[in-house]
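Given these sequences and hints, build the entire structure.
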Amino acid sequence: MTVSKDIIRPWCIGMTGGIACGKSTVAALFAELGIDIVDADLIARQAVAKGSLALDAIAEHFGPDILNDDGTLDRRKLRNIVFSDDKKLMVLNSIVHPYVHKMLIEQINSKQSVYVIAVIPLLFEHKLNAMFDRILVVDCSEQLQIQRICARDGSGEDIAHNILKRQVSRDTRLSLADDIINTENISADELYSKVQKLDSIYRELALSQHK
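Using the working numbering, the first residue of the sequence shown is number 4, and each one after it goes up by one.
Just so you know, these hints were derived from the structure itself, not from any lab.
A hint or two may mislead.
To be verified - If you anchor each label on the Cβ, the simulated ranges turn out as follows:
1. Arg12 x Leu179: 19 to 25 Å
2. Lys105 x Asn71: 31 to 37 Å
3. Lys90 x Val171: 33 to 39 Å
4. Arg169 x Asp59: 21 to 27 Å
To be verified - Below, computed lysine to any residue pairings styled on SDA-like, alpha-carbon distance capped at 25 Å:
5. Lys168 x Met93
6. Lys114 x Leu36
7. Lys105 x Gln49
8. Lys197 x Asp42
9. Lys91 x Val117
10. Lys197 x Leu177
11. Lys80 x Leu167
12. Lys105 x His164
13. Lys130 x Ala57
14. Lys91 x Asp39
15. Lys114 x Leu201
16. Lys200 x Leu32
17. Lys130 x His164
18. Lys80 x Arg169
19. Lys53 x Val94
20. Lys197 x Asp142
21. Lys80 x Ala47
22. Lys168 x Gly54
23. Lys130 x Ala209
24. Lys80 x Asp42
25. Lys197 x Arg169
26. Lys130 x Asp42
27. Lys53 x Gly37
28. Lys90 x Val117
29. Lys53 x Glu35
30. Lys105 x Val171
31. Lys90 x Glu109
32. Lys197 x Ile183
33. Lys200 x Ala31
34. Lys200 x Glu35
35. Lys53 x Pro101
36. Lys197 x Asp182
37. Lys105 x Ile40
38. Lys105 x Glu63
39. Lys114 x Leu45
40. Lys105 x Val117
Ideal Cβ positions, reconstructed from N, Cα and C, are used throughout, including at glycine.
This is the structure:
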């Protein structure tokens, strides 16, 4: 779904990057500098919370076994299903995305910091570029992504590779970026310095837009 840029009121950065590239770490550093963060992954979790319309639709399509005993979504089971079958992934996206897009715009427009960062892992895949004033890509090598996915989620390398296949290529992300932060072989202090430099640039750009 492509969303018109004029729907969003604050000056807004779209932050994206491949899975396990370090987007959450970078977003936390911007938050330390007083910038409001909107997290599409968190919104997606809220959209499929227990009792939600989206979760009811997911259970109806994929079966009640997709739920834990307490009625919440078994995310690992669902992930293993949809990342092994493109058609099932398309069905899941068609159920969840309308709820996520609506909540995303509402949350961005509710923020008050000088600019806002929206963290959207699949920003390019869903052609959301036009929503944002600038695009920041958080980057690392695919080899490191796979290592992080397996260590973080307990997934096998086959699932990790399947996830990467369904995201735009690293080269595509980098070619579409206005700004890039590489999180590979970098110290915490170096990463913070890079975030500080971008924050100064973004503040100046945001303030100039509001004059």
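For each hint, the structure was consulted:
1. In this structure the supplied range 19 to 25 Å holds for Arg12 paired with Leu179, their Cβ-Cβ distance being about 24 Å.
2. Evaluation of the 31 to 37 Å hint for Lys105 and Asn71 yields a failure: the beta carbon distance comes to about 26 Å.
3. For Lys90 paired with Val171, a C-beta distance near 20 Å fails the hint of 33 to 39 Å.
4. A hinted range of 21 to 27 Å holds for the C-beta pair Arg169 and Asp59, which are about 25 Å apart.
5. In summary, the hint linking Lys168 to Met93 is supported, as the alpha carbons are separated by about 14 Å, within the 25 Å threshold.
6. Pair hint Lys114 plus Leu36 holds up; C-alpha atoms about 15 Å apart against a cutoff of 25 Å.
7. Distance check on the hinted pair: Lys105 and Gln49 sit about 12 Å apart at the alpha-carbon level, within 25 Å; holds.
8. Taking the CA atoms of Lys197 and Asp42, the gap is near 21 Å; set against the 25 Å cutoff, the hint holds.
9. With a CA separation close to 40 Å, the supplied pair Lys91 and Val117 exceeds the 25 Å bound.
10. For a cut-off of 25 Å, the pair hint linking Lys197 to Leu177 stands: about 17 Å separates their Cα positions.
11. Note on Lys80 and Leu167: the hinted pairing holds, with a Cα-Cα distance of about 18 Å set against a maximum of 25 Å.
12. At most 25 Å may separate the alpha-carbon atoms for a hinted pair to count; Lys105 and His164 exceed this at roughly 30 Å.
13. Between Lys130 and Ala57, the direct Cα distance comes to roughly 22 Å. Compliance with the 25 Å bound is thereby established for this hinted pair.
14. For the hint pairing Lys91 with Asp39, the CA-to-CA distance comes to about 34 Å; that exceeds 25 Å, so the pair is violated.
15. Proposed proximity of Lys114 and Leu201 is supported: the alpha carbons are some 19 Å apart, at most 25 Å.
16. Under the criterion of a C-alpha separation no larger than 25 Å, the hint pairing Lys200 with Leu32 is consistent with the structure, at around 12 Å.
17. Using a Cα cut-off of 25 Å, the hinted pair Lys130 and His164 holds, with the two alpha carbons roughly 22 Å apart.
18. For the suggested pair Lys80 and Arg169, the alpha carbons sit about 18 Å apart, so the restraint of at most 25 Å is met.
19. With a CA separation close to 19 Å, the supplied pair Lys53 and Val94 stays within the 25 Å bound.
20. Simply put, Lys197 and Asp142 have alpha-carbon atoms about 13 Å apart, close enough for the 25 Å limit, and the pair holds.
21. Proposed proximity of Lys80 and Ala47 is supported: the alpha carbons are some 16 Å apart, at most 25 Å.
22. For the hint pairing Lys168 with Gly54, the CA-to-CA distance comes to about 32 Å; that exceeds 25 Å, so the pair is violated.
23. The hinted pair formed by Lys130 and Ala209 meets the criterion: a straight-line CA distance of about 23 Å does not exceed 25 Å.
24. At roughly 23 Å between alpha-carbon atoms, Lys80 and Asp42 fall within 25 Å of each other, so this suggested pair holds.
25. A C-alpha spacing of about 29 Å is found between Lys197 and Arg169, which places the hinted pair above 25 Å, so the restraint is violated.
26. Taking the CA atoms of Lys130 and Asp42, the gap is about 17 Å. The hint holds against a cut of 25 Å.
27. This hinted pair does not check out: Lys53 and Gly37 have alpha carbons roughly 32 Å apart, beyond 25 Å.
28. Using a Cα cut-off of 25 Å, the hinted pair Lys90 and Val117 is violated, with the two alpha carbons roughly 41 Å apart.
29. Restraint check for Lys53 and Glu35: the C-alpha separation of about 31 Å exceeds 25 Å, so the hint is violated.
30. Between Lys105 and Val171 the CA atoms are separated by roughly 23 Å; this keeps the pair inside 25 Å, and the hint holds.
31. Note on Lys90 and Glu109: the hinted pairing is violated, with a Cα-Cα distance of about 29 Å set against a maximum of 25 Å.
32. Of the supplied pair hints, the one linking Lys197 and Ile183 holds, its CA atoms being roughly 10 Å apart against a limit of 25 Å.
33. For the hint linking Lys200 to Ala31, the alpha-carbon distance of about 15 Å falls within 25 Å, and the restraint holds.
34. For the suggested pair Lys200 and Glu35, the alpha carbons sit about 14 Å apart, so the restraint of at most 25 Å is met.
35. This hinted pair checks out: Lys53 and Pro101 have alpha carbons roughly 18 Å apart, not beyond 25 Å.
36. For the given pair, Lys197 sits about 11 Å from Asp182 by alpha-carbon distance, which is consistent with the 25 Å threshold.
37. The straight-line distance between the Cα atoms of Lys105 and Ile40 is roughly 16 Å, inside the 25 Å bound, and the hint therefore holds.
38. About 22 Å separates the Cα atoms of Lys105 and Glu63, which keeps this hinted pair within 25 Å; it holds.
39. Among the hinted pairs, Lys114 with Leu45 is consistent with the structure: their alpha-carbon atoms are about 16 Å apart, no more than 25 Å.
40. Between Lys105 and Val117 the alpha-carbon distance is near 22 Å, which keeps this suggested pair within the 25 Å criterion.
Checked against the numbered hints given earlier, this structure breaks hints 2, 3, 9, 12, 14, 22, 25, 27, 28, 29, 31; the rest are met.
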